[in-house]
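Trainee: Chains as they are written, first to last, in the working numbering: chain F, 1 to 345; chain C, 346 to 653.
Careful: at least some of the hints might be erroneous.
As the list claims (entries may be wrong) - 20 Å max Cα-Cα, derived SDA-like pairs, lysine to any residue: (1) LYS181(F) - LYS478(C); (2) LYS478(C) - SER37(F); (3) LYS42(F) - ILE408(C); (4) LYS42(F) - ASP597(C); (5) LYS181(F) - MET431(C); (6) LYS478(C) - LEU54(F).
These are calculated hints, taken from the structure and not from any lab test.
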Amino acid sequence: MVNTAASGKGKGPAPGAKASAAGPSPERPMTRKTPRSGEARKWGEITLFVGPALVMFLVFVVYPVASALRYSFYKWNGVKAFSEAEFIGLENYRRALFGPGVFKTAYSEPFWTAIGHNFAIIALSMSIQLPLALIIALILNRRFPGRTAVRLIIFAPYVLSEVIAGVMWLIIFDPNGIATKLFTDLGLTPPAGGWFEDQKWGFWTVFFVVTWKYLGLAIILFLAGLSGVPQELQEAASIDGASWWQIQRRINIPLIGPTIRIWAFLSIIGSIQLFDMVWVLNKGGTVGQYSTIASFMMDKGFFRKDMGFGSAIAVIMFLISLIVALLYMFFILRRDNSDSVKKAR
Amino acid sequence: MASTTQSTTVEDIRAAKKARSLRQRFRDYFAQSGIDNSASTYLSVGVALVAVAVTVGPILYLILGGFRSLQQLAENPTGLPSPWVMSNYSGILGSGLFWRQFLNSSIVSLATTAGVVVFGTMAAYPLARYKFKAREFIFVIFTTGLMFPLTVAILPLYLLIHDMGLVGNLFGLILPQIAFGLPLTVIIMRPFIRALPQELEEAAFIDGVTRIGYFWRILLPLARPGMVTVGVLAFIGSWNAYLLPLLLLTGDPHRMTLPLGVTIFQGQHASDTTAIMAYTSLSMVPALIFFVFMERRIVDGLTGAIKG
Numbered sequence: 001m002v003n004t005a006a007s008g009k010g011k012g013p014a015p016g017a018k019a020s021a022a023g024p025s026p027e028r029p030m031t032r033k034t035p036r037s038g039e040a041r042k043w044g045e046i047t048l049f050v051g052p053a054l055v056m057f058l059v060f061v062v063y064p065v066a067s068a069l070r071y072s073f074y075k076w077n078g079v080k081a082f083s084e085a086e087f088i089g090l091e092n093y094r095r096a097l098f099g100p101g102v103f104k105t106a107y108s109e110p111f112w113t114a115i116g117h118n119f120a121i122i123a124l125s126m127s128i129q130l131p132l133a134l135i136i137a138l139i140l141n142r143r144f145p146g147r148t149a150v151r152l153i154i155f156a157p158y159v160l161s162e163v164i165a166g167v168m169w170l171i172i173f174d175p176n177g178i179a180t181k182l183f184t185d186l187g188l189t190p191p192a193g194g195w196f197e198d199q200k201w202g203f204w205t206v207f208f209v210v211t212w213k214y215l216g217l218a219i220i221l222f223l224a225g226l227s228g229v230p231q232e233l234q235e236a237a238s239i240d241g242a243s244w245w246q247i248q249r250r251i252n253i254p255l256i257g258p259t260i261r262i263w264a265f266l267s268i269i270g271s272i273q274l275f276d277m278v279w280v281l282n283k284g285g286t287v288g289q290y291s292t293i294a295s296f297m298m299d300k301g302f303f304r305k306d307m308g309f310g311s312a313i314a315v316i317m318f319l320i321s322l323i324v325a326l327l328y329m330f331f332i333l334r335r336d337n338s339d340s341v342k343k344a345r
Numbered sequence: 346m347a348s349t350t351q352s353t354t355v356e357d358i359r360a361a362k363k364a365r366s367l368r369q370r371f372r373d374y375f376a377q378s379g380i381d382n383s384a385s386t387y388l389s390v391g392v393a394l395v396a397v398a399v400t401v402g403p404i405l406y407l408i409l410g411g412f413r414s415l416q417q418l419a420e421n422p423t424g425l426p427s428p429w430v431m432s433n434y435s436g437i438l439g440s441g442l443f444w445r446q447f448l449n450s451s452i453v454s455l456a457t458t459a460g461v462v463v464f465g466t467m468a469a470y471p472l473a474r475y476k477f478k479a480r481e482f483i484f485v486i487f488t489t490g491l492m493f494p495l496t497v498a499i500l501p502l503y504l505l506i507h508d509m510g511l512v513g514n515l516f517g518l519i520l521p522q523i524a525f526g527l528p529l530t531v532i533i534m535r536p537f538i539r540a541l542p543q544e545l546e547e548a549a550f551i552d553g554v555t556r557i558g559y560f561w562r563i564l565l566p567l568a569r570p571g572m573v574t575v576g577v578l579a580f581i582g583s584w585n586a587y588l589l590p591l592l593l594l595t596g597d598p599h600r601m602t603l604p605l606g607v608t609i610f611q612g613q614h615a616s617d618t619t620a621i622m623a624y625t626s627l628s629m630v631p632a633l634i635f636f637v638f639m640e641r642r643i644v645d646g647l648t649g650a651i652k653g
C-alpha cells in the first residue's frame with residue numbers, strides 16, 4: 001500500500017554535495033555560519049519535529065507490542081509483580097492451539113471456535129457483502145432524483161460507533177422485541193432461544209448487524225471508484241450495442257477492480273480484529289456462539305486475569321493478520337501496486 | 346433553465362419558478378440533468394428507497410421508541426407514539442450524566458485529533474524534506490505501526506497506563522489514541538508535504554525565515570487539506586472508541602465516554618427499554634451531525650487513505 005522505495009530519491013541536489021547536507025536546498029539559510037553549527041542545528045530541528053511523535057509512538061505502541069510478546073512466554077495474572085511470573089516457554093501457545101499442557105483446563109476448543117467465527121465472517125463478507133454492495137453501487141451509479149441524499153443516508157451507519165449500533169440491535173432483536181413480532185406477524189418462526197442466544201441463529205444475527213453497519217462503506221467506496229470511470233467508455237460501448245450488464249461486466253467492474261480489492265483487504269483485516277460489536281452483544285454470546293479471537297482474548301486475558309495467555313492470543317492474532325496481509329498483498333494486490341507505480345511515474 | 350427572454354432578472358426567474366407546476370418542474374429537472382425518464386431510473390430509485398429504508402428504519406424505530414412509554418412499546422411498537430411521551434428524553438437531558446459523558450467524549454476526541462494532527466504533521470515534515478541518515482528507518486518504524494492494531498497491544502498497554510497512574514484519567518485515553526493515530530498521519534502527510542513546491546521553501550529561506558518559522562507560518566496553512574482529512578478520521582475513531590475506555594474508565598459513569606456510557610446505562614436500566622432507546626438515540630446525534638457536515642471529507646479521507 002505504501003511505497004517507501006520511491007521516497008527520498010530524486011529530490012534535491014545530488015547526495016555528497018556539501019551544501020546539500022542540511023537540507024534539499026542548495027541555498028543555505030543565512031543564519032548558518034559553519035557546517036558544524038548547521039549540522040547541530042539540523043539535528044536540533046529534527047529532534048524537535050520528530051521527537052514528540054516518536055517518543056509517544058515508542059512508549060504507547062512499540063513497547064506494549066514488545067511486552068505482549070514477552071508476557072506470552074510467562075504464566076502471569078498481571079496482578080502480582082512480573083518478576084514473580086513463571087517462565088513457561090511456549091506453553092501458553094500450546095494451551096491455545098492444542099491442549100491443556102501444564103494447565104488444568106484446556107482452552108483450545110473455544111479458541112478454534114473463535115478463529116472459525118473470524119474466518120466465517122471473512123468468507124461471508126466476500127460472498128454476501130461484496131456482491132450485494134457491488135450490485136447496489138452499480139445500480140445507483142447514475143443520475144436520479146435525490147442521489148446526494150441517498151448516498152449520505154446509506155453511508156451514515158459507518159460513523160456510528162459499533163457499540164451504539166450494537167445496543168440498538170440488541171433492543172430490536174430482543175426475544176420480545178420488534179423483530180420477533182414482525183417475524184410472527186409474517187407467519188415465520190423466530191429463533192426459539194432468542195436471536196442472539198440461539199446456537200444456530202446467533203452467529204447469523206451478528207453477521208447481519210455487522211453487514212448493516214459496514215455495507216454502506218463498501219457501497220460509497222465503490223461509487224467513488226465508479227465516478228472515476230470515464231463516461232466515454234460506457235457511451236462508446238452503449239453505441240456499439242452493449243447491454244447494461246455487459247457494460248458493467250466488461251468496463252465498470254474491471255476498472256474499479258483496485259478499489260474492490262483494497263476494500264476486501266480492509267474488510268479481511270477488520271474481520272480478524274473484530275471486537276467492539278461482538279463484545280457489546282453479550283460478550284461474544286452466552287456460550288461463545290459468535291466469539292472472535294479478540295473477544296476470546298479479552299475474556300480470558302483481562303477479565304479472567306491471565307495476562308500471559310491473553311498475550312499469547314494477541315500474538316497469534318497479530319501473526320494471523322500478518323500472514324493473511326502478506327499473502328493478500330503478494331497474490332492479489334501485487335498487480336495493482338505495480339500498475340499504480342507505473343501510472344504515477 | 347428559465348425564461349428565454351433577453352432581459353432576464355433574478356426576480357423574473359423566481360416568479361417563473363413559482364408559477365410552474367410541480368410536475369413541470371420535475372420534467373424540467375429530468376431534462377436538464379440528463380436523467381432519462383425510463384424504467385432503469387425507476388429501478389435505481391427503487392433500490393435506493395429499499396437501501397434507505399433498511400438503513401434508516403432501525404434508527405427511526407429507536408428514536409420513536411424513546412418517545413413511548415413501556416406500555417405503548419408493548420402494545421403498539423410501530424407507528425407514531427400516541428401520545429408522545431417526553432419523559433425519557435427530558436429525564437436524560439436534565440440529569441447531567443449524559444452531558445458529562447458528552448463532554449468527556451468531546452474532550453478526548455478533540456485532544457486526540459489535535460495531537461494526532463499536530464504531532465503527526467510535525468514528524469512528517471523532516472521525514473519529507475530533511476536529508477539525514479536515519480530518515481527512512483524512522484519512517485519505516487512509523488509504518489510498521491499500521492500493522493499493530495490497538496487490540497494486539499491492549500493488555501500490556503493497560504498495565505503501562507495503570508503503572509503511570511492514569512487509569513480513570515482521560516489522559517490515559519488520549520495519549521495512546523494519539524500514538525496509534527500517528528502512523529496513518531505520517532504516511533498521508535509525508536507525500537502531501539513533499540508535493541508542496543520546493544521553490545516556496547527556498548524563497549522563504551532566502552528571505553531569512555527559519556525552518557521552524559517556515560513550518561508554522563507557511564507549511565501548516567498549505568497542508569491544511571491533508572490535515573483536515575487526517576483529523577476527521579482520527580476524530581471519528583476516537584469518538585467511537587470502546588476498547589480502551591472499557592478497560593480504563595471503570596467505576597463512576599461520570600468519568601465515561603458516550604459509547605461506554607450507553608452500555609452502562611443499558612446494563613443498569615435493563616427493564617426500562619424505552620429509556621435505553623432514548624439514551625442510545627441521543628448518543629447517536631453528535632456523530633450524525635458531525636457526519637452530515639463532514640461527509641465529503643470522510644469519503645475523501647477514506648479513498649485517499651486507501652490509495653495512499
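Trainee: State for each hint whether it applies.
Mentor: Hints, one by one, checked against the model:
1. LYS181(F) - LYS478(C): violated (67 Å)
2. LYS478(C) - SER37(F): holds (18 Å)
3. LYS42(F) - ILE408(C): Given pair LYS42(F), ILE408(C) is violated - Cα atoms ~57 Å apart, limit 20 Å.
4. LYS42(F) - ASP597(C): violated (48 Å)
5. LYS181(F) - MET431(C): With Cα atoms ~25 Å apart, LYS181(F) and MET431(C) exceed 20 Å; violated.
6. LYS478(C) - LEU54(F): The given pair, whose Cα atoms are some 16 Å apart, holds under the 20 Å limit.
Of the numbered hints stated above, those contradicted by the structure are hints 1, 3, 4 and 5, listed in ascending order.
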